Every structure is written in C-alpha cells, then in structure tokens.
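Asker: Here are the chains, one letter per residue:
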Amino acid sequence: METTTHVLGHVDGSSVVSNSGTKVICSVSGPMEPKSRQELPTQLALEIIVKPAEGVQSTREKLMEDQIRSVLTPVLARYLHPRQFVQICLQVLEAGESRDYTVKEVSVCVNAAVLALVDAGVPLLSMCSGTCIGITTEGKQLVVNPTESQLAKCESVHVYCLELGTNENGDIDVRNLLLLDSLGSFDESQLFKVLETGEKECIRLYTELRSVIKDKVAKDFVWRQ
Amino acid sequence: MAKDIEISNAESKFILEALKLKQRLDGRSYDQFRDVKIEIGEAYGDVTVTMGNTKVHCRISCEIAQPYEDRPFEGLFHISTETTPMAGAQFENGNNTGEEEVLISRMIEKAVRRSGALDVEGLCIIAGSKCWSLRADVHFLDCDGGLIDASCIAVMAGLLHFKKPDVTVLGERVTVHPIDEREPVSLGVLHVPICVTFSFFNPDDTEENIKGEDNAEISIIDASLKEELLRDGVLTVTLNKNREVVQISKAGGLPMEALSLIDCCHKAYGIVEKITDQIHRVVKQDTIARNQYAHILSSENARET
Amino acid sequence: MTESIDIHPIVFPPEVLARISPDISLQRHLSLETRPCSRGFEEFRDVAINDGNISRYSTNCQNATTNNIIGSSLLRSGKTFVITSITGGIIEETLPANNTEDVGEEELMKLSEDTDRLCENSTIYPVVEVQRGRVGGPTDEEMITSEKLYKTLLHSGILKKTALAVSCGIRRTEEDGSVTTIYSDELLDEEKKINEANNRKWSYVLYAKIQVFSRNGPIYDLCWNSLISALKTVQLPRAFLDERAADLKIAIRTRGRSMTIRETYDILCDPHKSLPLKLNEGELCYGSNYGIIDIEPLAQLAKNDDEMDVDKPTSVLLADIETEAEESSILSTLSLTTNKNGQFKAATIIGGDSKITPEMIKRCIFLSKQRSKDIESKV
Amino acid sequence: MSVQDRRRILGPAEAKPLQFAAITPVRTVENRDDGNGNKSGKESVFISTDLVTNANGSSYLEYMDGTSDQVLVMSSVFGPRPLRGSFQSKASVSIQFKEVTLEHLNTGEIKEICTFLTNVFNAVINVEKYPKSGIDIFIDLIQHSNSNPTEEANIVNILPTCINSITMALVDAGIEIIDLVSAGSKDNSVVAFIRNGHEIVGIWSDDDNVTDISKLIEECKAKYLVNKQTLVQYLK
Amino acid sequence: MSKLLLPGDVISADETQSQSISAGPGIYSDPLSQEIKATHAGLEVVTPNKKGASVYVDYNSKRYIPAVGDFVVGVIVASFGDSYRVSLCNFSNPVTLSYMAFPNASKKNKPTLKVGDLCYARVCSAYKELEAEIECMDSSKGQDAGFGLLDGGMTIEVSLAYARELLFNDSYPLLNILGNLVEFEVAIGVNGIIWLKTDDVRTTLACYRSILTCQGVSPAQFDKTIKSIFNDTLKSTDEK
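Chains as they are written, first to last, in UniProt numbering: chain A, 1 to 225; chain B, 1 to 305; chain C, 1 to 379; chain D, 1 to 236; chain E, 1 to 240.
Among the hints, erroneous ones may be present.
Stated by the list, open to error - If you want the ones that stay clear, here's a sample from chain A, every Cβ over 10 angstroms from chain E, calculated:
| id | residue |
| --- | --- |
| 1 | Gln57 |
| 2 | His81 |
| 3 | Arg99 |
| 4 | Asp100 |
| 5 | Leu142 |
| 6 | Glu148 |
| 7 | Asn167 |
| 8 | Asn169 |
| 9 | Asp220 |
To be verified - Here chain B is said to cover these stretches of chain A; the calculated rule only asks that three of the stretch's residues, wherever they fall, bring their Cβ under 8 angstroms from a Cβ of chain B:
| id | segment |
| --- | --- |
| 10 | 18-28 |
| 11 | 127-134 |
What the hints assert, rightly or not - In silico DSS-like pairs for lysine-lysine, Cα to Cα no more than 30 angstroms straight-line:
| id | chain 1 | residue 1 | chain 2 | residue 2 |
| --- | --- | --- | --- | --- |
| 12 | E | Lys141 | B | Lys22 |
| 13 | A | Lys193 | C | Lys369 |
| 14 | E | Lys114 | E | Lys197 |
| 15 | B | Lys226 | E | Lys227 |
| 16 | B | Lys37 | E | Lys197 |
| 17 | E | Lys114 | B | Lys20 |
| 18 | E | Lys235 | B | Lys274 |
| 19 | B | Lys163 | B | Lys130 |
| 20 | C | Lys232 | D | Lys215 |
| 21 | A | Lys200 | C | Lys362 |
| 22 | A | Lys193 | C | Lys79 |
Hints in this document: simulated from the structure, not taken from any laboratory.
Since the structure is predicted, the reported quantities are computational estimates derived from the model, not experimental observations.
Built from N, CA and C at the ideal position, the CB exists for glycine as well.
Modelling step: build the complete structure from the supplied sequences, incorporating the hints.
Answerer: This is the structure in structure tokens:
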C-alpha cells in the first residue's frame, strides 16, 4: 500500500492511497455547516461522494458510497459534533478492476478515507482498515489484494473492513468487524477463512497506517524540531 | 447552493495594493503563467496536471457505440467536467448548473471539441453502425484558480497520450484486440489548443474609458483563486502553435480595447508555444519509457526466431 | 433559599414512544423477550409467493395479446408485498463469434473466456421502486437495492449468457401469400445453412421492474427472492427475422460521400411459441436478514430485584428485521443469500455498533439455510 | 449520450424491446360487444382495503367483465399531512397514476388521467376541512387486459375502476368526502356521478361524435348505480 | 518527541498515574465503558495538576472548532438587530458577536463594524449543540482587552497548531526575527488566521510570505529563510 497525506490545499484533509493497481484520492472537509436537509439533530451528518475514474456516477457508485458509509459511521465520534457535517469525496484515479467489480475500489477507498479523516482532524473513536480477498475457482486459494487478472479468475470476491485501536498496554485491539461484503459462490468454511485472513491483513494494514500517520504528525510539527 | 469563500475587506484591499506595486501574493509577475507539471499515470490517457495549488486529473476512455444517425462517418467524443467538493467546499457534487461550472464546461467544449482538435472521423469503425465513443473525464482535484487552463492542458495531453485498442473489421464482424495483445493505436489529434486566461483589475474603482498612460487597469495572466474572486474582468483566449486563434471568450466585466486584445494574444502565444512543447515532450518521454520495456520483449522474440 | 422541584416522569403510550424514541421502545420490548412486531427473536415472517398472473405466459393470464411481460412474481412477507415483472429486449452482440478466421486469435479468445469468470455470466437490469407516498426520482435505497440485485445475480452464475442467446428463426412468405416461420432447431440439417449464412448473433436482454408496497423493513432480501421466483417463470419468446429483411443494405450519403451500410433490422417475437429460460437450478438461493443488538441495561424494565440474571446475554440476534424501531436502532446487520445446503451467493455483514462474533455468524448461517429451504418449497 | 439516467440501471442503449408479431386471431371474440354496447358475461368486482400499511388508507379492486377484460387497481392515500410552504386554507389534492407492470400509456395520457381524476376528487373531498394539508393519492394499475388494441379504449376501460378504487381508499383513510363517487362507461366515454346520479362530477370522452349526450349520460348512470351499489355493499 | 497517539488508542492509566483525569482536546471518555481514548492523531501531552492530571492530544488541523477562551480573528459576514454574524473559518457555522460584547457598549452606543471587516475577539461560549459566541472585551471585568476591529493589514491562513505555537510559545523565534527586521502589528487567532500590519505594503508582503513559508521549515532555518524572502520581496518591487 502506498500512501500520501495532505495532498490538497483547499480541503481540511486529504490522502492518496494506491494498492495493487487501484488508486484513490480522498478529500475530507468538516466539521462544518450542513445544508439544512443534511442536518442531523443529535449527531454529525456524513456525506460520501465516490466518483469513478471513467464515466459518471451511477448506481454502482451509490452502492460503494453506502458500503463505505457503513464502515465509517461507527468509527466517527459523531455525537461530538451534532448538527455539523463532514464531507468525504473519493475520486478513483485508477480502478484496477472492471466495472463489474467494486471490491478493490471499496477497500482502497476505506483506507484513503480514514487517512484523510485523520489528516482533517475529524474525531474518530477507532481506526479502521479494509482489504479485499478473492477465492480462486481453481484450487480454491485465498488471494489477498488480487490484481485485476487474478480477480477475474476468482469464484468469489470479498471486501473486509475491521475496526481497530490500541489498548492501554499498547497492544493492537481488534474491536469489531465493520463490513464483510461477499459476492460469487462460496460456502461457510470459506466465509470463515475469509474472516480469518481478512483480520490478519487488516491488522497489518493498521500498523502500516500507523507508521504513515507517525510521519504525518512529524511533518505537521516540523517547525518544532 | 454551496456557500462562498469569505474574503475580508482588508485582504482584498491588500491584494489590490500589492498588485499596483506589481506584486502578486505568490511572487509571480503579471504575465507569468504558473509552472505546469504534467504527470502521466499507468494507463493510456491518464494525466494529472498541476499548476501551483491547482490540480486537475483527466482520464480518457473509449468504448464501442453506434454513431449518430446524421453523422454515420464520425465517432463520438464527449468531455465531462463535473465538479465535486474535493476541489473546494464551494463546489457542490453533481450540481453542474452553477455559473462557474457551466462556464468551465462550455469553455473546454469550445476549445477542444468544437475546434476539431480530435479527428472524430478516425473513430469510425463501420460507417453508420459502429464507432468508438471517446470520453474525457476531467476531475478537478484542487482549485486555486485557472481550472479552464489546466483542464485544457490535461485533456489535450490525455488525447495525445491515449491509445485505443486495435480493431479488425471482417465484413460485418468487428474484433477488438485487447491492448496487451496487439499494439494499440493513437488518436488523430489535429492541433493542440491551449487556453490562457487573463484577469483584469481596476484597483481605483472608477469608470475608466479613456485608456492612456495613467490608466490604472491591471491585467494578469493565470490568476489564483483569490485573484479570481476579486477580479473585475476576465478574458480567455485559446490558441494553437500554428498561431491560430481557436476561440476568444470575454463574458462581460471591464471593457477592453481591441489593441490590448491583440496584445493579450501575443502574450498568450508565447505561453501556448511553451506548454505545447512541454506536452509533446512529456508524452514522448512516456512513450520512450514504455517502449524500453517493449524493446526488451521484442528483442527476446527476435532471438527466438 | 431552597426550592424543591418535583420531577414528573412523562408517560407515553407505546405507539408514541415507538415513534419518538424507537431505540428505547425496542429495548423495552427486548427486555420483555418480545419484539415490536410480536414475533420471536429468531422467527421469520410468513412468505407466500406466486406468479401473480401478470406474465403473458401465466396460466390464468387474461391478456396475452398486448402484454409484453414474460415473467413475474408476487411475493408477500407479512404485510409487505413485492411485485416483480420481467420484460425483455434483444441486442446484437458486438463480440466476435467463434468462427474467426484467424485461428491464433480464436485460441486467445478461448483462453480469456476460460479465465474471466464473469464473461459467461449474465444478469438482469432491475429497477426497484418502493412506494412511499412521495413523488420524485429514485431514492438512495432504491438505487442501492437495484445495484445490489444486479451485481449479485451477475456474480452468482445463476443466469448464463448461453441461456439468453437468441436462436433466430426466419419467416417466409410463400408465393401464395401464406406465411410460415421456421426455427433452426426445428429445421433439417441442410436447411440450417440459411441461418448460419446470416452471420449475426443476438441475445435477449432482461429487465425487471420490482415494486415494493407496505415497506416495513429492509427490502433487499424480499426483492432478491421475488426476482429469483420471477426469473423461474420467465419464458423467452421465439424470435424470427423476416426473410425479406434478412439482408438489407441501405445506401447513405453524407457530405459528398456515399456508402452502403447494413441496416439494423428488427427481430420480431413469435406471439405463441416460447421456451422457458434456463437457469442454473443448482445455483438458486434465497436471502434472509438478521440484526444484532446489545441489550442496554439501563433501558430494561425493572423486574423483580432478586432476579438479577448475571448470565443473561448482553446482545441478541433478531431474524428478519421488521418495523421502524428495529430498523433504525439495529446497526449491526447480516444479510445472507444462500441455498439450503449453505452454498452462498452473497453475504453482507455490517458491524454498526454491536459486536459480531463468529458464533453469531454461525447461528445466522444455520437460520438462513432453514429459511432458504422454506422459501424454496414455496416457489 | 450525455443525457443518461444515472439513478436507474437501464441496460444497454442499443437493446430493442421485444416486439411481438401481430397476433393471428386464435381466440374468438364472439362474446364481446353485442352491438348495443352492453358486454355480455357476468361482471364481477373484488374489493379489499387496508392493503398498504404505510399509507393512511388504501384499496385494491379487481374488476372482471366476465369475458377477457380485467382491471386490477390499487390506490393508496397519504394524508392529510402537513404541507410545507405558505398557508393554504384548503387541502391540496394530488393524484399520481402509475402502471406497475405494463407500460402502455405514454406520459401525456398519464398526465391527462391524473388531471381528470384530480378534478373529480377535488370536487368531492371536503377540502375545507383540511387546511394546510396535502392529500396525495397514488393509483397503481397492476394489470389491465384489454384485447381491444386502441389506446383510447384502454383508458375508458380502466377509469371507472380507478375512480371506484380511489373512493374506497379515501373511505379507508377516513377522509371526508361529500358522497361516494363512482362512474360508468359507455363506448368511449366515462361519466362520474355522486348523489345517486343527480350530480355529475366528471365526464371523460374520447368520442369525437357523441350524438346524444343525454342518452350517454343515462347509460353511464345505469352502470354507475350498479357500481355504487357494489361499493355500498362492501362497506356494509 | 512525545508519545504518538492515534484515534482509538486507549490512554493507559499508569501514564497519567492518577485516578482523576481531566480530558482535554482530542480525548474522549466513553460514557458506558469509562474508557479514555484519543480521537485525533497527534502527540500526547500529560500535565499533572492539583487533582490528578490533564491529558490532551496536540494535533494539527485546518478546521477550527470554537472553544471557550480562544482568541480568534473573524470576518463579519452579516449584521442583525442586536448582533453580528462572524465567520471564523470558511464553510463553518458562523458565530455570534453581540453588540453588547464590546467595551462601553450600551443600547445607544452600538459598535460600528461593517460586513467584511476583520475583528479580533475571544470565544465566550461554545456548546456543541449551540451556535458559539465571541466577545470583543474582557467580560469578567467589562473592560477593553485589546479586541475589536482590525483595520487594514493582511490576513494569513495557517494551520491551527502553527497558529497556537506562534501565540503561546514565547520562545518561538519567528516573530522575534521578523521584529528585528520590521515594525509590525500582529493579531494571532487560534482559528488559523493571523492578521499582520506594517506601514508599507512591501514589508507586509514580506512578512506574509515569511510566515507562510516558515510553516514548513524547522526553526533553525528561520533566520536564513526570512532574510532571503525579505531580500527578494523588497528587491523585486524596487526593480519593477
């Protein structure tokens, strides 16, 4: 996973994340004033916009937005800013998969969004990370982060997102499964294998995000050194 | 409607005062175009243009479609310029009815598509039944002024770089060769139009119709976002390297003299020439970089045979 | 100076509480070990499915002349009902057929066909509409559900491309004016040539219009089940070309150039003859949904103080989410699409707030299999 | 090309809808119009209310004319519910007509039907009773079979059932109406009545040459009375 | 460098070594589990106080959230019958500045700020559910405290942590270096807006560029950086 933060000037937080051929740029603005139809009386309203690399936004992007929303909503400390509004824009730069799939884009979007949220200073209760997994038709092998051609050979494809944090001893604390979205043909044991593999990968990504954020913080306070 | 950016009286006054002293906030001179950075991505027709804090991404793509009935020999070409709040919270998602959004999309449309920069007849596969439908998706990533100029560069660089899959036509049957299977084909770009935007200020805020030595009117090239918000007039000229004026757009604002229009075109030409060369250079460099790889492959093949 | 203020608790009737504070209402219900819809925790709504006599091929269809619906279903689940009607279209394939002259390319084509799993799969174009007493464009829910149905069917392999290939017949007008239509599979071998000479390939395209009435909970599973049962009733009409239109070329002139182009002619459908749509029966599966919610100790109705159940589970699993109270306060949900043997086609697990444990997933899978068995028997 | 529906999955643009070849007469239509305009066969109506739970009132009507004609209509009434915006002393009634399965009518025809029905029910609903309110009525035509291929005839055939259905839905919603509205049709005309046929609340005619309007009204009235009786019986 | 915290990191009890923890910015106490977590990514700052310890996360961001006592620079965006609406940050909810929140204010003596004017003020009320309020006086004493209209000059938008550093860290060398070069007036808002004024447009411009540039430069380089900016700015205007 390659990441950069703070790439855009006119929004509060931004990031670029790319992973095996999929590249997404994300911007976050907020907490700011909502339009009246978006306002929620007790919590932070969240707008997620996904724009595809090619073509216009369609139902495909709506579904992606919905999946990303279900991952980010529990992570946001949304009761800290009632009647406020956070806007997350995700622009896919390289899809890395055909239009019939969204798994790679969704998982990269989740990682990009969480980085941009951290960059923007939007309060979060936990961190999260996302990955995608495919199970091949032949050999029933689990492939983490498949490439476009590997994906096409998969019998089932899965997006997996995990809520993570660090407990008081400094150990990684797996908090909850945020999203598992599976499509294709699979059985119960494969489902559990995906859950197991996904957890490992998400923990790995979390440590990666951690070091990225460490660099970011160091850069933020460069004038202190 | 999204909210506007607030500029305080003090700030606007200061920016104008500085302009009078030939100073711009970012240290540029009046006629200085920002340095243009053109980056090319993995895919064909994937271009990011950075000009200062302005960043625009353009992606060219194509698919097979049916030509319009009244134009059976022409392919389809569509430029989509949709704003998202990524470029700044003043933009609204999916709302392309705002004045600025409409202006941007009209200008790009006029500068690139209607100027015939792309040979649409070259997109024809079978007259009247099949053709390529080409899309240029312009994504505004960061807006610090000059979106029109940056988008135009991005689209043109994208078109020059893009390659469409090769096709074989056997009677009525069309075979599309995936790009990893057979060398794809470049598009027919007939000329490279480049937009240069001038902004005008009238810092003394008085009606000045007599243009003379003591004329306080200021003209600058490639305004930043704040300069755009404060300007009193705007002119966009589109030229190509053949010294052809593709289009001129001046929608209201401060009136200007005919002679100064010509002066602007002269100034713009220098910039157009430089940027056109830069685009060609970047595209060529990328082609060489890609070919190096292909070269190794083909030499291996040569040894086998 | 002391002032005492009497605080009077406000009492709401249950239906008002359910409206103003669905989460508390739900917690109160749960503490009484019941649900707002008065079902048991793991109890599903009753499902009834029939074809609704909407399709032109329905046994009791009253209208087979102007009706262009070729498959349908009427699904009822509790008070909610879903009407699905399937219509069709025909599209000319752009991809080359196998008889390409270049042999090397044919091999390549085959190679890529083997690897790209989705190449063989087809799907339907669904438009979901939920009646909600408002006019306007599709809501997010309608869009998301439509897209999910589309994608799930595409990835499931239930509908293969081959099942939608048109085997096109020819209508002949004899010299005496009588009209006959011949289909290739009804032809003798030597006559088949007529068809093959005509070097073009068509496919059926399927559209589904899915209308949801009395929505009272998540709709994806209902729509999916309705869609599958409607697909099972689909009859594809035999299609034919008129012999006279079989090779039509039209000369055109534009800007001083002239050219002949092949006209895209219309394929007509036989009003009487049809073939059932071949679905991959082994892959059929049905959807169900579950919610997981933490029991909030503070919201519990006061019980006998001695009965402090220490072992009481802290969260419960509810099958088949219904009512606004459940839908708005349960954020951890599972939606599983499986057959009775546990062969999945789709699964969506969202951990909104309550923790989802593997045991819960296992329990849901167990319930899903049972539910699929039940629905299967009703379709 | 740029104008595409992004919010619906419409499938490939090049696809053409199935076109069925003109049917060669298989079904004999001997028991159709007997020349007098009276259809033979036994007419029957099935009525049910409160089907749509999230509406304030709803009704479902199945009308069979005993031959091959069948009309299935569902109406849902939403309201009276608060209207946003400026103060209005009367309820605003809106009627939306939609074909659930088949799509035979064009948007112009649908609009015409909506306007006609809105006018009829604006006259019948006690709108003064519901200030600042909106009453939205949705009619879903689930199925209509009409072997007569002319479009006009279709509308005339479904209108009386629609009117009956809305009336029942309004009753179900408990909205005040001055009388049960019902209608009768004859040839290419529909007349809606109240007060035992003493008052006409709407006339729809697709006929260019109605010669004897009073005769037409009388014939429609006869059917209205039958229809009304059916409604009354159900409500009892 | 002190300990890095990420959102979701639980603050360990032994670090604070006390039962009573006052949570500062970037710290969230879960009402159910009583767990104390970080909500922002930044550096942990623990300060022992009388009762126990206060903990906060020092993080950098661009979007200002009003907190009581903060000094801010705002733009008047509207004026009503009894108050102004002031924008502290583009696209954020505007805050209220009452006409009575000025020194010597009375019903008859109304302040004279216009829409578009800049003012320096202090946040006096900030509840998350309500619109925040600012004041242009020291309300505890009812006296003038250096707040009010900022006339002329120029504003500089910087990151919030940088603005805090400039305002609170007296040993931070930047303003001192600038002060040696030129005389200036400055008002630093922790909402990331710095107002600065000198006698001359050119020196103001030089200060503007210096402050912006130093945001990405370590203090050791300040002297050199600022001098070269001053040289360039003043020279280039002379040339032209």
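Asker: Against this structure, judge whether each hint is valid.
Answerer: Hints, verified against the model:
| no. | hint | verdict |
| --- | --- | --- |
| 1 | Gln57 | holds (22 angstroms) |
| 2 | His81 | violated (6 angstroms) |
| 3 | Arg99 | holds (34 angstroms) |
| 4 | Asp100 | holds (35 angstroms) |
| 5 | Leu142 | holds (27 angstroms) |
| 6 | Glu148 | holds (32 angstroms) |
| 7 | Asn167 | violated (5 angstroms) |
| 8 | Asn169 | violated (7 angstroms) |
| 9 | Asp220 | violated (4 angstroms) |
| 10 | 18-28 | holds (count 4) |
| 11 | 127-134 | violated (count 0) |
| 12 | E:Lys141 / B:Lys22 | violated (47 angstroms) |
| 13 | A:Lys193 / C:Lys369 | holds (19 angstroms) |
| 14 | E:Lys114 / E:Lys197 | holds (19 angstroms) |
| 15 | B:Lys226 / E:Lys227 | holds (26 angstroms) |
| 16 | B:Lys37 / E:Lys197 | violated (35 angstroms) |
| 17 | E:Lys114 / B:Lys20 | holds (25 angstroms) |
| 18 | E:Lys235 / B:Lys274 | holds (28 angstroms) |
| 19 | B:Lys163 / B:Lys130 | holds (18 angstroms) |
| 20 | C:Lys232 / D:Lys215 | violated (51 angstroms) |
| 21 | A:Lys200 / C:Lys362 | holds (20 angstroms) |
| 22 | A:Lys193 / C:Lys79 | violated (38 angstroms) |
Hints 2, 7, 8, 9, 11, 12, 16, 20, 22, counting from the list given before, are not met by this structure.
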